[in-house]
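Here's the letter readout for the chains.
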Amino acid sequence: MNDNHILSELIQLSAAPICVIVNIFIQICYARCKDGKSYLKSVAVGFITGILLLTAVELYLIFLQDADFLNGVFLSLTNLIIYFLISLGYFSFINVAVSAIRVRILSELSENPVGMMENEIYDLYNSEEIVDKRLGKLCNGGQISFDGKKYYPKISLTLIMFIILESIRFIVLNKRIRFSTSNLIIVFKNR
Amino acid sequence: MNIFFSGLFFFFTSLMIHIAWWRIRIPKREVLSILIIFSAVILTGLSAILYFTDIIVGDNQSLVSSIIHISHISFFYIIMMTIYIVIYTGLEDESPSLFLLLQILNSGKDGIEISKLYKSITNDTFIGPRIKFLIEEEMASVKDSRIIILSKGQKFLNVFRFIQNTLKLSKISG
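Here the protein sequences line up with chains A and B, keeping their order.
Residue numbering for the first sequence follows my numbering, starting at 1 and increasing by one per position.
Residue numbering for the second sequence follows my numbering, starting at 1001 and increasing by one per position.
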């Protein structure tokens, strides 16, 4: 065991968190440069920058350091998972500021120090606005398709996420799966 | 390699215990119970690793290397646990986007019109329960049938206003 080996292990331990910090920094800079108009793009740019940096560090450690190849590959895989999970947590957190209903209600209440009746809140923020905003985001992000009259499901990241969440709900909470599997098969067949 | 497999082994062991417990009875304080299960598993696991230290690093490895290994396993595990808890708490609250996706998916190849989607979601589906939550969590209260924001709610809002300002996002969320 030499100092280089210890240094290499320390780099492995800190690589993912450092790359997440780079991810967040780049994301904030990009969002501010674009005046917050490309929020999702800023998230993607930050994420990609961080993962490229992490991949470069991991490749350096695997190929240029005198280390066990297989061990290096699994350490890199561990760090990539850590990076992905912290980034997911960060995205979930900042997404609350973008789309959380609770934040919107609190914001409306904060603007009205005398308080608001429940129907006054609904005048400012209601289910139709929720539907419009979400459908707009899903359509623009290519998560569903729209032919001018009707909305159709399609294979997308959101759909996969939805299936995962429904599966967790079924496995852990023992709640029935709410989507029709035959419709899901049709979506996959018509991809 | 040991870090990867140890982390995953501890995580899936915790998950199995958690699922088995939930199948018998869902505890009242769910998140706290999950934290107890996950903490107990990692503490037991790390104790076992420390006891049989040669499994991880070998007898002739330095103490520093062992500490780094243990830290890496713990870090990997804690991150997986935290994200699992975030996802788990999200299962309780219905997400409007995923609810819409469910309606669209269940419409199949016939598709669904926006009027039907409007009908599937009322103010009581998402906004009503959130107002109730804010009151229960003492972020808001009802005074003379008017809902007012409390200091806890204002502090909660300030955190997200800070994010909105930092990222120059629209102040109108939701």
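Keep in mind the hints are simulated off the structure, nothing from the lab.
Please note that a few of the clues may not be correct.
The following label-pair restraints were derived from C-beta to C-beta distances [to be verified]:
id: 1; chain 1: B; residue 1: 1114; chain 2: A; residue 2: 119; range: 18 to 26 Å
id: 2; chain 1: B; residue 1: 1008; chain 2: A; residue 2: 124; range: 45 to 53 Å
id: 3; chain 1: B; residue 1: 1114; chain 2: A; residue 2: 77; range: 20 to 28 Å
id: 4; chain 1: A; residue 1: 114; chain 2: B; residue 2: 1067; range: 37 to 45 Å
id: 5; chain 1: A; residue 1: 74; chain 2: B; residue 2: 1128; range: 46 to 54 Å
Listed next, the in silico DSS-like pairs over lysine-lysine satisfying Cα-Cα at most 25 Å (straight line) [stated by the list, open to error]:
id: 6; chain 1: A; residue 1: 133; chain 2: B; residue 2: 1028
id: 7; chain 1: A; residue 1: 154; chain 2: B; residue 2: 1171
id: 8; chain 1: A; residue 1: 175; chain 2: B; residue 2: 1132
id: 9; chain 1: B; residue 1: 1116; chain 2: A; residue 2: 150
id: 10; chain 1: B; residue 1: 1109; chain 2: A; residue 2: 34
id: 11; chain 1: B; residue 1: 1132; chain 2: A; residue 2: 41
id: 12; chain 1: A; residue 1: 149; chain 2: A; residue 2: 133
id: 13; chain 1: B; residue 1: 1116; chain 2: A; residue 2: 149
id: 14; chain 1: A; residue 1: 137; chain 2: B; residue 2: 1155
id: 15; chain 1: B; residue 1: 1109; chain 2: A; residue 2: 149
id: 16; chain 1: A; residue 1: 150; chain 2: B; residue 2: 1119
id: 17; chain 1: B; residue 1: 1132; chain 2: A; residue 2: 189
id: 18; chain 1: A; residue 1: 137; chain 2: B; residue 2: 1168
id: 19; chain 1: A; residue 1: 149; chain 2: A; residue 2: 41
id: 20; chain 1: B; residue 1: 1168; chain 2: A; residue 2: 154
id: 21; chain 1: A; residue 1: 137; chain 2: B; residue 2: 1028
id: 22; chain 1: B; residue 1: 1168; chain 2: A; residue 2: 34
Note that the Cβ used here is the ideal one computed from N, Cα and C, for glycine as well.
A quick look at each hint next to the structure:
1. Range check, residue 1114 of chain B to residue 119 of chain A: Cβ separation about 24 Å, and the 18 to 26 Å hint holds.
2. With their beta carbons about 47 Å apart, residue 1008 of chain B and residue 124 of chain A fall inside the hinted range of 45 to 53 Å.
3. The beta-carbon spacing between residue 1114 of chain B and residue 77 of chain A, approximately 44 Å, falls outside the hinted interval of 20 to 28 Å.
4. At about 58 Å, the CB distance of residue 114 of chain A to residue 1067 of chain B disagrees with the hint of 37 to 45 Å.
5. Range check, residue 74 of chain A to residue 1128 of chain B: about 49 Å between beta-carbon atoms, so the 46 to 54 Å window is met.
6. For the hint linking residue 133 of chain A to residue 1028 of chain B, the alpha-carbon distance of about 35 Å lies beyond 25 Å, and the restraint is violated.
7. Under the criterion of a C-alpha separation no larger than 25 Å, the hint pairing residue 154 of chain A with residue 1171 of chain B is inconsistent with the structure, at around 31 Å.
8. Of the pairs offered as hints, the one joining residue 175 of chain A and residue 1132 of chain B holds, with about 24 Å between alpha carbons and a cut-off of 25 Å not exceeded.
9. Note on residue 1116 of chain B and residue 150 of chain A: the hinted pairing holds, with a Cα-Cα distance of about 10 Å set against a maximum of 25 Å.
10. Taking the CA atoms of residue 1109 of chain B and residue 34 of chain A, the gap is about 38 Å. The hint is violated against a cut of 25 Å.
11. The straight-line distance between the Cα atoms of residue 1132 of chain B and residue 41 of chain A is roughly 34 Å, outside the 25 Å bound, and the hint therefore fails.
12. For a cut-off of 25 Å, the pair hint linking residue 149 of chain A to residue 133 of chain A stands: about 17 Å separates their Cα positions.
13. Restraint check for residue 1116 of chain B and residue 149 of chain A: the C-alpha separation of about 12 Å stays at or below 25 Å, so the hint holds.
14. This hinted pair does not check out: residue 137 of chain A and residue 1155 of chain B have alpha carbons roughly 28 Å apart, beyond 25 Å.
15. For the proposed pair residue 1109 of chain B and residue 149 of chain A, the alpha carbon gap of about 13 Å is at most 25 Å, so the pair holds.
16. Taking the CA atoms of residue 150 of chain A and residue 1119 of chain B, the gap is about 15 Å. The hint holds against a cut of 25 Å.
17. With a C-alpha separation of about 42 Å, the suggested pair residue 1132 of chain B and residue 189 of chain A falls outside the 25 Å cut-off, and the hint is violated.
18. Proposed proximity of residue 137 of chain A and residue 1168 of chain B is supported: the alpha carbons are some 19 Å apart, at most 25 Å.
19. With a CA separation close to 28 Å, the supplied pair residue 149 of chain A and residue 41 of chain A exceeds the 25 Å bound.
20. Our distance criterion of 25 Å between C-alpha atoms is broken by residue 1168 of chain B and residue 154 of chain A, whose separation comes to about 32 Å.
21. Our distance criterion of 25 Å between C-alpha atoms is broken by residue 137 of chain A and residue 1028 of chain B, whose separation comes to about 36 Å.
22. For the hint linking residue 1168 of chain B to residue 34 of chain A, the alpha-carbon distance of about 9 Å falls within 25 Å, and the restraint holds.
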